[in-house]
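Protein chains: 2
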Amino acid sequence: MLLVFISSVSLHPHHLFEYDELSQYVDSHQEEYVQTLRDWVAVESDSSDVLRRPDCHRMMDMTAEKLQAMGGKVELVDIGVQELPDGKTVALPKVVTAQFGSDPSKQTVCVYGHVDVQPAKLEDGWATEPYNLTDINGNLYGRGASDNKAPVLAWIHTVEVYQALNIDLPVNVKFIIEGMEETGSNGLDAMIVAQRDTFFSDVDYIIISDCGWLSRRPALTYGTRGNCYFFAEVEGPKQDLHSGVYGGTVIEPMTDLIGILGEFLTSLSDRIGKILIPGIREAVAPLSDEEWKMYQDIEFDIESFKSKIGVSQLMYSNKVDLLAHRWRYPTVTIHGIEGGFSGPGSKTVIPAKVIAKFSIRQVPNMVPAVVKKQVTDYLNSVFAKRKSPNKLKVTMIIGAKPWLADTKHPLYEAGKAAVKRVFNVEPDLIREGGTIPIAKTFEDVTGKSIIMMPIGGFDDGLHSQKEKMSRYNYIEGTKLFIAYLHEVAHLKKD
Amino acid sequence: MLLVFISSVSLHPHHLFEYDELSQYVDSHQEEYVQTLRDWVAVESDSSDVLRRPDCHRMMDMTAEKLQAMGGKVELVDIGVQELPDGKTVALPKVVTAQFGSDPSKQTVCVYGHVDVQPAKLEDGWATEPYNLTDINGNLYGRGASDNKAPVLAWIHTVEVYQALNIDLPVNVKFIIEGMEETGSNGLDAMIVAQRDTFFSDVDYIIISDCGWLSRRPALTYGTRGNCYFFAEVEGPKQDLHSGVYGGTVIEPMTDLIGILGEFLTSLSDRIGKILIPGIREAVAPLSDEEWKMYQDIEFDIESFKSKIGVSQLMYSNKVDLLAHRWRYPTVTIHGIEGGFSGPGSKTVIPAKVIAKFSIRQVPNMVPAVVKKQVTDYLNSVFAKRKSPNKLKVTMIIGAKPWLADTKHPLYEAGKAAVKRVFNVEPDLIREGGTIPIAKTFEDVTGKSIIMMPIGGFDDGLHSQKEKMSRYNYIEGTKLFIAYLHEVAHLKKD
Chain P
1286 MLLVFISSVS LHPHHLFEYD ELSQYVDSHQ EEYVQTLRDW VAVESDSSDV LRRPDCHRMM
1346 DMTAEKLQAM GGKVELVDIG VQELPDGKTV ALPKVVTAQF GSDPSKQTVC VYGHVDVQPA
1406 KLEDGWATEP YNLTDINGNL YGRGASDNKA PVLAWIHTVE VYQALNIDLP VNVKFIIEGM
1466 EETGSNGLDA MIVAQRDTFF SDVDYIIISD CGWLSRRPAL TYGTRGNCYF FAEVEGPKQD
1526 LHSGVYGGTV IEPMTDLIGI LGEFLTSLSD RIGKILIPGI REAVAPLSDE EWKMYQDIEF
1586 DIESFKSKIG VSQLMYSNKV DLLAHRWRYP TVTIHGIEGG FSGPGSKTVI PAKVIAKFSI
1646 RQVPNMVPAV VKKQVTDYLN SVFAKRKSPN KLKVTMIIGA KPWLADTKHP LYEAGKAAVK
1706 RVFNVEPDLI REGGTIPIAK TFEDVTGKSI IMMPIGGFDD GLHSQKEKMS RYNYIEGTKL
1766 FIAYLHEVAH LKKD
Chain W
1286 MLLVFISSVS LHPHHLFEYD ELSQYVDSHQ EEYVQTLRDW VAVESDSSDV LRRPDCHRMM
1346 DMTAEKLQAM GGKVELVDIG VQELPDGKTV ALPKVVTAQF GSDPSKQTVC VYGHVDVQPA
1406 KLEDGWATEP YNLTDINGNL YGRGASDNKA PVLAWIHTVE VYQALNIDLP VNVKFIIEGM
1466 EETGSNGLDA MIVAQRDTFF SDVDYIIISD CGWLSRRPAL TYGTRGNCYF FAEVEGPKQD
1526 LHSGVYGGTV IEPMTDLIGI LGEFLTSLSD RIGKILIPGI REAVAPLSDE EWKMYQDIEF
1586 DIESFKSKIG VSQLMYSNKV DLLAHRWRYP TVTIHGIEGG FSGPGSKTVI PAKVIAKFSI
1646 RQVPNMVPAV VKKQVTDYLN SVFAKRKSPN KLKVTMIIGA KPWLADTKHP LYEAGKAAVK
1706 RVFNVEPDLI REGGTIPIAK TFEDVTGKSI IMMPIGGFDD GLHSQKEKMS RYNYIEGTKL
1766 FIAYLHEVAH LKKD
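Quick mapping for you: the protein sequence lines, in order, are chains P and W. Just so we're aligned, residue 1286 is where the first sequence starts under my numbering, counting upward by one. Just so we're aligned, residue 1286 is where the second sequence starts under my numbering, counting upward by one.
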């Protein structure tokens, strides 16, 4: 594939005029956009909780209806069922596809996004109701506001603005919006494979806006980590027991679990963040001199990073090590333990079954299937040494690959020009510690080039309490997408 | 104190007659008693959850009203406030005291019980609503049914039955009923001290029925373990963080917590249940030959114990070791971790603050204040080695002493006679792995003798899902208490 970027396009007077008109339209419709975001955030589309599945279905319907009302060619694609741990099945949220324009002389971009969210409860420490979008000093607080509902809406507004002003879309725009991203995009891979020669056949580029900037400077993202998410379940007695009455007689599942996690962490991840489980470190691609230089050039203030998250000390005290371990080295996190007493107060219980939830972020050249085996074998061997009568079951419930793009690709050059037009600065070129597993799938299945163009703020609090999207990023982000379609239109069609 | 047991009392014809009449009355009022228990179980008097404190207050009021309606001299004693971790205070449930009869020529017994309960939620794995008493094949399922609402009611019914048949109570009967037992009887010690020379001045014996039998054979209990309940809190970032975005840069509190618990368990409690923390094992009273012989004689079927709790292997395979480690050696249990992701499904979060809840059961001659220092020092030293910027805070929220009685005491001889009369067998003499902290306080403050006379079944599932009280134990237990008052009446007054 040979693509030539025509750099003069951003100076074309006709386009400049249109951009201003489009941009002013966005500014004057800000309240309407915020209200739509409020309606979307109000739907508790938590894909990790099957009890919320009806909300996820409703969220997909709302997305489809919105795109349909705009005159898009919309489909709700059935992607089958999800198998639950107890063997039952539950329908997956359908995937929404949409198409605006089919001019074969134009480029065709496909925007990927998701409208499911992470769990959130007021009592987790939110200052506002997580599903009631609340504006505080220009920040819009709500679960899913930044990850990923506002960016999806910004892309939708982009099409709406062109339509409202009767300006032809400079490219054909397709959408693929899913509802299972937060739990590993269950069912989406197969759907992409199935539609490779239909929906994806005329797509030239794929755009993903499911990430955030590194600082106040806009950024383009060229890599993401993958994620292998594990459940380690230890099961013992057939029901919870009184710790006074049975303590001392029963071999407690929690003791086994903490025991193997303790060994796991001792040998898996020491205080300076190395993962020592056999085979994992060996698989990590070495840091090149060029990469080191890139990291060195990135604007990143360690002190403000520390103060933002409220810690006195980080894993590394220099910028390159810190960014490298955030983006291009693996890490392990224990998220919590299900099955024990996790409420406030005290309870003198011996839990019968406990499940540790932990994940290992994947980087090139780690392979999820191999990591699954390495972790499972290791935990089983550590557990076997305990000679416990309890049962250990290790399952990998998410196995998402990392993704890496070439920052010299014309898609990225077009991105730089769009950022320059809207924000009048050069973007940072960054990677993402989090996972957007679908990037790798798009690349492997469709062979198309991908760009990640974030509009989320660096301090949006994804997955944590107080997630927000600023009005500034939402509105200027919409303008960025409008500008980007212009830039992409002038890439030479393959 | 010299007490002589007159063994011929159980053959006294007048008493035999009365017993039959009293016993028949109990049988014919079974449904009424079950309904009262249902009303009491319906109150979610979970003392560990401050949000349920209004239910605890209501439960104390209901208890007082019941005793008042029977003509008792009742008081609701204010025992002050509870300080919460955030520095706020909340009123403690009042303590109910009551008195039936004040004949100075009679013995005076004081029955202790509690009407607060452990936490319970349907989704913990209950087959029935935990606060809706449900009769399945003669078993009455509900939180608090056996621990301790039915035994308290059985004592109340005992007085009611004498009253209903116009038979003089053979002894004066006092009640002291509290609502904070499950979280360490906060405030009760001070109240007992304060009323030593008033309410307790004419009390001869204290009776506690807050435990269960070991098998289908009725039992008398002569010892309980104490409990030191700890919170180990590790606090890091100021809010939860996305594990993809921040993993690798932040020193995670959960890693620190699992790390110190892992070391703690490795050195504190190995696979065969020894606690190796410096000083703890040294404090445990050695097992005497006489004790060994007593354990040897107890009827206890290890196979049915295993099958009841659903495990293939226990900590010990012989009866004496098993019972000794259940009753007279310390043990440690990790109950759970608060603050992590403990729901079903997956969440890619780095929890900002996590709190491990664990407890160590106390035995003679361990001292809670000393254990507190041993555990705190040990965890702090292990944590210091990690050089983590996170903060560890170890607090002991319950520090309850163990208790041990002399099985040759006339109170126990009277108990054996009552069991013989109602069940026509000799009782097992057992200890209790759980904690009834107030026993030690009663002994230390009032100097009175104490007996523990359980009526709970061996399979009642205290503190776990599916707690129940059988109709048989509830009804025959009431008869046991009726018979026991006769026996105590004939002990020589001190």
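Hints may contain errors.
Which copy is meant is left open, so a pair is good if it fits within one copy or across any two.
Dumping the calculated DMTMM-like pairs for lysine to aspartate or glutamate here, alpha-carbon to alpha-carbon at most 20 Å [to be verified]:
#: 1; residue 1: LYS1406; residue 2: ASP1334
#: 2; residue 1: LYS1373; residue 2: GLU1408
#: 3; residue 1: LYS1672; residue 2: GLU1548
#: 4; residue 1: LYS1523; residue 2: ASP1409
None of these hints come from the bench; they were simulated from the model.
Homomeric proximity label, LYS1406 with ASP1334: Cα distance no greater than 20 Å: Classified as both: same-chain Cα gap 13 Å, cross-chain 18 Å, threshold 20 Å.
Status of GLU1548 relative to LYS1672 across identical chains (alpha carbons, at most 20 Å): For LYS1672 and GLU1548, the Cα distance is within 20 Å both inside one copy (15 Å) and across copies (18 Å).
LYS1523 and ASP1409: within-copy, between-copy, both or neither at 20 Å Cα: Answer is between; shortest inter-copy Cα gap is 13 Å, intra-copy 30 Å.
Intra- versus inter-subunit Cα pairing at 20 Å for LYS1373 with GLU1408: Classified as between; 18 Å across copies, 30 Å inside a copy.
In this structure, none of the earlier numbered hints is contradicted; all agree with it.
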